[in-house]
Amino acid sequence: MISIFLISSMLIIFAIFLSLYRATVGPGVFNRTVAVNVIGTKTIGLLVLIGYYTERPEFFDIALLYAMLNFIGTLVFARYLERGELWS
Amino acid sequence: MVIGDVIVTLFLAGGLFFTLVGSIGLLRFPDFYTRLHATGKCDTLGTGLILTGVIIYHLFHYSGTPLVPVRLAFLVFFIFIANPAATHALMKAGYEVGVKPWKLGDERR
Amino acid sequence: MNRGEKTFGILITFGVLFLFWILLSGLFDAFHLIAGVICTGIVTLMSHDLLVKGKDEKFIGKSLRLFCYIPWELWQIVLANIDVAIRVLHPKMPIDPLIIEFETPLRSDFSLVTLANSITLTPGTITISVEPEKGAFRVHAIAKEPADALLLDQTMQKKVAEVFFVEWPGTDQPART
Numbered sequence: 058m059i060s061i062f063l064i065s066s067m068l069i070i071f072a073i074f075l076s077l078y079r080a081t082v083g084p085g086v087f088n089r090t091v092a093v094n095v096i097g098t099k100t101i102g103l104l105v106l107i108g109y110y111t112e113r114p115e116f117f118d119i120a121l122l123y124a125m126l127n128f129i130g131t132l133v134f135a136r137y138l139e140r141g142e143l144w145s
Numbered sequence: 020m021v022i023g024d025v026i027v028t029l030f031l032a033g034g035l036f037f038t039l040v041g042s043i044g045l046l047r048f049p050d051f052y053t054r055l056h057a058t059g060k061c062d063t064l065g066t067g068l069i070l071t072g073v074i075i076y077h078l079f080h081y082s083g084t085p086l087v088p089v090r091l092a093f094l095v096f097f098i099f100i101a102n103p104a105a106t107h108a109l110m111k112a113g114y115e116v117g118v119k120p121w122k123l124g125d126e127r128r
Numbered sequence: 002m003n004r005g006e007k008t009f010g011i012l013i014t015f016g017v018l019f020l021f022w023i024l025l026s027g028l029f030d031a032f033h034l035i036a037g038v039i040c041t042g043i044v045t046l047m048s049h050d051l052l053v054k055g056k057d058e059k060f061i062g063k064s065l066r067l068f069c070y071i072p073w074e075l076w077q078i079v080l081a082n083i084d085v086a087i088r089v090l091h092p093k094m095p096i097d098p099l100i101i102e103f104e105t106p107l108r109s110d111f112s113l114v115t116l117a118n119s120i121t122l123t124p125g126t127i128t129i130s131v132e133p134e135k136g137a138f139r140v141h142a143i144a145k146e147p148a149d150a151l152l153l154d155q156t157m158q159k160k161v162a163e164v165f166f167v168e169w170p171g172t173d174q175p176a177r178t
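Protein chains in written order, with my numbering: chain W, 58 to 145; chain F, 20 to 128; chain G, 2 to 178.
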């Protein structure tokens, strides 16, 4: 059972490398923002799986925090790209 | 315990399939708007299924702390609301700035 | 807002925040509970007018109908993902994007947010922008069939209008009291 977590973590890391291609080559800033958001969402799953693999289920607190940070970061970036400034 | 392991493996396999499909869509689709279609839907459900599998695993193996699955369920609920909202915000920003949508027959951008 | 609505807002905000405190801490001894009451009390006093803007009528009815709407929504999420998976893995990649616009009779904030989220989570469509005065939506669809399902059938808009007790013009579906 524990080794299934290890295989799942490696497959998620492979998916992160696929999105990393879009983050480097990706004509313009919008494609790169989408790729960074996708990497953030996959990191949440990866954190919880590695926490259960090393038999320390308390890692999901870090995953919850990172989910909120990723969401707020993407929203702030989208607003800056739309208006050219953050407030006023 | 075997039936629990089988259910957890099924959820993890489904979640991993959708996550990989989301990343492959990010590489294959020809335009910014269509790439948002692929990742905004598949990534959300993939991560949600992986976390549901982990909830069931926790209920079987660590039955001493029953409040942890409730907090993981809150994380799943938060992802189902936050990811579509971030997708919509990015798409609106792209439309207002003036990124042109892709029609059938153009080349890739 | 008069006093009745203010008290309702304070009670709902305090209840929700204290429920989150208990859920996230998991400890039930006296020190943590009293610390929770003090902290949620201070936060409630500062921001009770952000969560509940006035007392809408039929609050319980709307919450119950929203609860019954969620299983249908989850089934649509699964269908949407299978649809996207078929389009991604197909060797010829059958996509044909187009942008459509339509209007709805929904006006309150929460119902517009629910409909925008549901459109983003259904097969083949993502909301681009929402206009709150006329309830106009601009939607980007990935092929012709999901766009037709949203524009001609209008099943999703009718379901959300039924949840929020809004009458849909053109049919004889009354807003149930």
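Among the clues, some could well be false.
Footprint (simulated), chain G over chain F, 3 or more residues, beta carbon under 8 Å [claimed, not checked]:
1. 22-33
2. 53-64
3. 69-78
4. 100-113
5. 119-126
By construction, these hints were calculated from the structure, which means they are not laboratory data. Note that the Cβ used here is the ideal one computed from N, Cα and C, for glycine as well.
### Task
Please name the hints from earlier in the document that this structure breaks, with their numbers sorted from lowest to highest.
The structure breaks hints 1, 3; every other hint is satisfied.
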